[in-house]
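Heads up: the sequence lines are chains A and B, in that order.
Count along the first sequence starting at 1, add 234, and that's the number in the working numbering.
Count along the second sequence starting at 1, add 255, and that's the number in the working numbering.
Just so you know, these hints were derived from the structure itself, not from any lab.
Note that this is a predicted model, so its numbers are computed, not measured.
A virtual CB, placed ideally from N, CA and C, is assigned to each residue, including glycine.
Hints are not guaranteed to be accurate.
As the list claims (entries may be wrong) - Which residues of chain B face chain A? A few of them, derived with a C-beta cut under 8 angstroms, are:
#1 S283
#2 N287
#3 K297
#4 G298
#5 L299
#6 S301
#7 K355
#8 G361
Claimed, not checked - Cβ-Cβ distance ranges computed for the label pairs, FRET-style:
#9 B:E272 - A:S330: 35 to 41 angstroms
#10 B:S324 - A:E316: 39 to 45 angstroms
#11 B:E270 - A:K286: 44 to 50 angstroms
#12 A:E316 - B:A264: 23 to 29 angstroms
#13 A:A237 - B:G296: 17 to 23 angstroms
#14 A:E316 - B:S308: 41 to 47 angstroms
To be verified - Incomplete in silico selection of chain A near chain B, CB under 8 angstroms:
#15 M280
#16 N284
#17 K286
#18 L288
#19 F298
#20 T335
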Amino acid sequence: DTAVSQTPKYLVTQMGNDKSIKCEQNLGHDTMYWYKQDSKKFLKIMFSYNNKELIINETVPNRFSPKSPDKAHLNLHINSLELGDSAVYFCASSQSTATDTQYFGPGTRLTVL
Amino acid sequence: KQEVTQIPAALSVPEGENLVLNCSFTDSAIYNLQWFRQDPGKGLTSLLLIQSSQREQTSGRLNASLDKSSGRSTLYIAASQPGDSATYLCAAPIKAAGNKLTFGGGTRVLVKP
Numbered sequence: 235d236t237a238v239s240q241t242p243k244y245l246v247t248q249m250g251n252d253k254s255i256k257c258e259q260n261l262g263h264d265t266m267y268w269y270k271q272d273s274k275k276f277l278k279i280m281f282s283y284n285n286k287e288l289i290i291n292e293t294v295p296n297r298f299s300p301k302s303p304d305k306a307h308l309n310l311h312i313n314s315l316e317l318g319d320s321a322v323y324f325c326a327s328s329q330s331t332a333t334d335t336q337y338f339g340p341g342t343r344l345t346v347l
Numbered sequence: 256k257q258e259v260t261q262i263p264a265a266l267s268v269p270e271g272e273n274l275v276l277n278c279s280f281t282d283s284a285i286y287n288l289q290w291f292r293q294d295p296g297k298g299l300t301s302l303l304l305i306q307s308s309q310r311e312q313t314s315g316r317l318n319a320s321l322d323k324s325s326g327r328s329t330l331y332i333a334a335s336q337p338g339d340s341a342t343y344l345c346a347a348p349i350k351a352a353g354n355k356l357t358f359g360g361g362t363r364v365l366v367k368p
């Protein structure tokens, strides 16, 4: 059983396009996260939602817009893609807060050409 | 300033040797510390979570220690196997970062047969 799933696994697109990444968790967790892992492999949090409410919004360009239709789903929409957006994006979830164990999805490798 | 640091960035050992992975953090008031494993092109797998009240946590060949006063955690992997080759990341909710899970840069481990 997949606990945290993401689609697509790979995404290759041109600069200026708009794209979305989807995430779903079947763990019954209240909190979901988006992380970005850059080419140097550093993982940094972008957003966090708790029960569909945005609770963390790091200094991320407003071209990135998360949406949580329900607590099991957290999608990430990116407008006007730039070369610097190329990275691996990970979704994660935890029972309630960031101090609980976080479970990660397999990642979406985004390449902007 | 990097709040969670892992040194060295890469480590190579012969099969059978014990692995010692280091993690340093700046906030002695962390709630817990997590160790993750990341295989190339994959997501993160949670290995161990040590609560702030614990000194160590064990799971099979893995043992993680936590010393909050010195700001250090160590992950020991006994009798390493080639299948242990991966990148190991530590992460902690850092107060200065609003208790967001903050990751170290990871240690890339290669266990040679």
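(request) Run the structure past the numbered hints and jot down the numbers of the failing ones, going up. (result) 1, 15, 16, 17, 18 and 19
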